[in-house]
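**Q** Letter by letter, the chains look like this.
Protein chains: 2
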Amino acid sequence: MPSGKVSELDLIQRISRKIKNDSSVIRGIGDDTAVLEYSRDKYQLWTADMLIEGVDFTSGTPAKDIGYKALACSLSDIAAMGGIPRYGLVSLGIPKAKARAFIDGFYSGLLKLARRFRVNIVGGDLSHSDKIVVDVSLIGEADKKKLVLRSGAKVNDILLVSGELGGSIYGRHLRFTPRLKESAYLVNNYKVNAMLDISDGLSLDLSRLCQGSGVGAVVYEELIPVSKDAKDFSEALDMGEDFELLFSLPLNEARRLIKSGNKGFKAIGEIRPRQEGIKIISRNCKARELAAKGYQHF
Amino acid sequence: MPSGKVSELDLIQRISRKIKNDSSVIRGIGDDTAVLEYSRDKYQLWTADMLIEGVDFTSGTPAKDIGYKALACSLSDIAAMGGIPRYGLVSLGIPKAKARAFIDGFYSGLLKLARRFRVNIVGGDLSHSDKIVVDVSLIGEADKKKLVLRSGAKVNDILLVSGELGGSIYGRHLRFTPRLKESAYLVNNYKVNAMLDISDGLSLDLSRLCQGSGVGAVVYEELIPVSKDAKDFSEALDMGEDFELLFSLPLNEARRLIKSGNKGFKAIGEIRPRQEGIKIISRNCKARELAAKGYQHF
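First to last, the protein sequences are chains A and B. Just so you know, we're using my numbering here: the first sequence kicks off at 1 and counts up by one. Just so you know, we're using my numbering here: the second sequence kicks off at 1 and counts up by one.
Looking at chain A on its own, in the form it has when it is part of the complex:
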């Protein structure tokens, strides 16, 4: 395969195969965060998200929006594991001429969110760069009993999402609320079998959950909550940057959640055996394969 044609998944698998870790690493490459042995009843969670000018934001995006989004993306990863964020480290590459004004704006956006979710910003690195680059690394923790991986979905689980999908890149991606509150509510009250955050589009992230769990799935077009920001239904399926939670619950638990009257979560389908693949049922009851078309870096 020529190097230009390689997929993101292929690249990640290439990296994973080269790596051997010791037994204190509960989960390495391949989930929303790494999971490390920590104390008797807690794991440590650890994630990093790199945002690059021209890819994740434009040269015209206000610095405070970049700061907000940089932390929000990592917070979303912690939420996806059923965890609580604790500490952040911020690496910044910025053009020299912009440095002071950028830093003021960037940190006003980032610290607003850090205070809201009680994240300690404990350091980082500062470098000059032609284009703006931000990498936020976040440490969190999760009760061992409440940790949720993307690999635990079971056949007949109900698939749910935490909010509306599509059209985020028209603006919502710069001010979304990471679903930490929703995640805590779920793991404190329900048996969540699998979870991740929809960062690259429902179709792609659902395929990751299914691949991680060794299962298939079916989702129903009429059940998928489409954001008013989306221009059409395909944007709810395939557009990235939603940062909603996608998770699976055993049938009884899903019934209990829906009956609870909590309007924040919508059932969109169910987990099926792997050999059935991943299908979407249209409004006129036709099944078709759901291709993983979300945002891929490579």
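Now the stretches of chain B that chain A is said to cover, found in silico as 3 or more residues with beta-carbon under 8 Å:
1. 33–45
2. 48–56
3. 135–146
Taking lysine-lysine pairs in the DSBU-like style, the calculated list, with each CA pair at most 30 Å apart, reads:
4. B/K144 - A/K144
5. A/K112 - A/K228
6. A/K42 - A/K181
7. B/K263 - B/K286
8. A/K144 - A/K42
9. B/K286 - B/K266
10. A/K96 - B/K231
11. A/K42 - B/K145
12. A/K98 - B/K131
13. A/K146 - A/K112
14. A/K112 - A/K131
15. B/K266 - B/K279
16. A/K181 - B/K18
17. B/K42 - A/K145
18. B/K98 - A/K20
19. A/K98 - B/K96
20. B/K18 - A/K96
Source of the hints: derived by calculation from the structure; they are not laboratory data. All figures in this text were calculated on a predicted structure; none of them were measured in a lab. Just so it is clear, CB atoms sit at the ideal spot from N, CA and C, and this is done for glycine as well.
Fit chain B to the given chain A structure using the hints.
**A** Showing chain B alone in chain A's frame:
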């Protein structure tokens, strides 16, 4: 002050002033790593280093050298605190066309060093980018009794370095050995009052140690070990990328270290009261102020 004229220290101080952390943060912004409460007898150390094409390496630098250096810089920060590295997270921004070949080379260099120092690589982020950007975040740990900050130097301490200085950017910076072994030897056998790694040049990093400790210093030209790579003496003083340890020991401890016959460490001067500033004594016994001229990003 126009934003183009702002110094790195000024920028870091601007950031620090905006941040409030809880009591589990033993040391936030301002040392080689953050220091976090961990267990009864250990702290957790946490650092990130961002390397950018055109700043820290060129477009012609082999991928394996970039991988090696990216991890080595962070390992050097852990060494500077008297710590042991445990876990690494790697964020990479790379041009699409180069992705596969770059990743193979990058990880062969990085993993060679990770295996040598038993670092678990547990995840990261992969993004496309016009220029190569690497951010390695590293978690380590330190015995509470052995942690060394840059802020503990005392008047009359002896100043020492772990190796030869200058000329690293002509090649050594891509294959230097992080001083973890030396650091462990020091903190296990001596009372080290202050330490940091010389990443931006002796004169600048000495000024950081003195500022952090509220002291002055005097160093002797004839005692400073100059690398054969250095073109002249000024490169040993002011050129970045040495990644040697600069540390201070009480006089008796320094005597004991020198008497031990360990050739890896050289005394270069001593800590003086703050009001005496930072001086260098030339070979003909003239004192002059040692200006902090090392590498500054801003």
